[in-house]
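Enquirer: For the protein sequence lines, the chains are S and X, in the order given.
In case it helps, this note's numbering puts the first sequence at residues 170 to 330.
In case it helps, this note's numbering puts the second sequence at residues 7 to 170.
These are computed hints drawn from the structure, not numbers from a lab.
On a predicted model such as this, the values are computed, not experimentally measured, just so you know.
Keep in mind that the hints are not guaranteed to be accurate.
[Said to hold, decoys possible] Simulated crosslink set (SDA-like; lysine to any residue; CA at most 20 Å straight-line):
| hint | chain 1 | residue 1 | chain 2 | residue 2 |
| --- | --- | --- | --- | --- |
| 1 | S | K307 | S | I220 |
| 2 | S | K185 | X | I134 |
| 3 | X | K126 | S | R203 |
| 4 | S | K185 | X | K16 |
Listed here are the chains, written in short residue letters.
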Amino acid sequence: MSDEKLEVINPPNALKQKVGTGGPGAVDLEALERAEQVIVGMTDSYLEWVIEDLKKIEAAYQKLAAASGDRKEEMDGVFQISHDIKGQGGSFGYDMMTAIGNELCRLIERADKIGPDEVQAVKIHIDSMKLVIADDMKGHGGKAGEEILAGLQKICDKLIS
Amino acid sequence: MADYNIEKLKFLVIDDDQNMRRLVSTILISLGVKDVSTARSVDAGYTMLQKFEADIVICDLRMEPQDGIEFTDMIRNSDDSPNCYVPIIMLTGHAEKTVVELARDAGVHEFLAKPVSAKKLFQKIKSIIENPRVFVRTPEYFGPDRRRRQDPDFKGPERRKPHS
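Between the sequences and the hints, there should be enough to build the whole structure, so can you do that?
Expert: Here you go:
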């Protein structure tokens with residue numbers, strides 16, 4: 170590529186005029202902590218959302234279990250909800266939901282085929298998510314959480330290796 | 007961390023997941039932002055930007071029918087783009103290199119991996135405030151300069167001098 174084909178542009182910087190520093194309203198460490206606490210205060214809402222997501226992923230699983238052929242469309246349905254669950258859990262202190270969602274997404278993305286073993290593995294992941302919420306396992310779930318996750322990782326590794 | 011006051015900044019949050027829109031908006035408002043708009047699709051977000059002059063757009067990567075990469079491409083390259091320079095923070099559930107590279111190559115400023123927290127989001131906003139990026143236009147690419155750091159070992163021609 171010749172130099173003439175590269176144009177470098179300094180775009181107008183509107184942020185500079187709008188952003189102040191210090192004073193009331195500035196985002197200091199205390200303000201950040203307050204914002205984190207606002208998220209903690211949303212936990213009840215999160216639990217309502219995730220219960221809805223668990224109903225949706227169960228319904229998506231039922232479609233997957235009843236399907237035949239390559240099951241790709243049905244698996245995509247499971248993936249989308251799992252991806253949402255993965256994206257939200259950790260924000261509200263439910264890191265296990267993010268971790269299990271991550272394992273399920275990894276399985277779906279990397280599995281060569283979608284056979285009975287993969288379908289069964291999906292069910293185990295969904296049941297684990299339900300257990301985390303039913304038992305209110307916050308954070309990484311301690312020893313029980315470690316064991317659940319290790320078991321799921323073992324299943325995934327076996328199916329995608 | 008510098009104590010920036012960001013209450014005058016306008017944000018647009020684009021995510022097809024209603025709960026993520028609520029979460030990100032709540033964080034922004036908690037950080038003092040007064041003007042947050044949300045959109046549930048790329049199409050709706052793009053249309054909204056024609057009227058709502060967002061200073062920063064926060065956009066989810068994985069959406070249907072169009073995703074965050076397509077949104078970024080539309081903003082940077084469409085003839086009717088409302089603001090081809092607007093900084094974009096891409097929300098990702100994926101940390102996979104290829105996806106991140108695709109988004110970067112479409113012209114994304116920052117990536118924010120889910121799950122989101124107030125600290126992580128503010129860190130990305132702060133990075134955009136503190137490191138205004140020059141844009142480059144080549145036959146193949148238009149967007150923020152992808153070479154973000156000075157590389158002492160860079161041996162190529164120095165072409166990134168802004169036109170005065």
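Enquirer: Run every hint past the structure and note whether it holds.
Expert: Hints and how they fare:
no.: 1; hint: K307(S) with I220(S); verdict: holds (15 Å)
no.: 2; hint: K185(S) with I134(X); verdict: holds (10 Å)
no.: 3; hint: K126(X) with R203(S); verdict: holds (14 Å)
no.: 4; hint: K185(S) with K16(X); verdict: holds (13 Å)
Violated hints are absent here; each numbered hint is respected by the structure.
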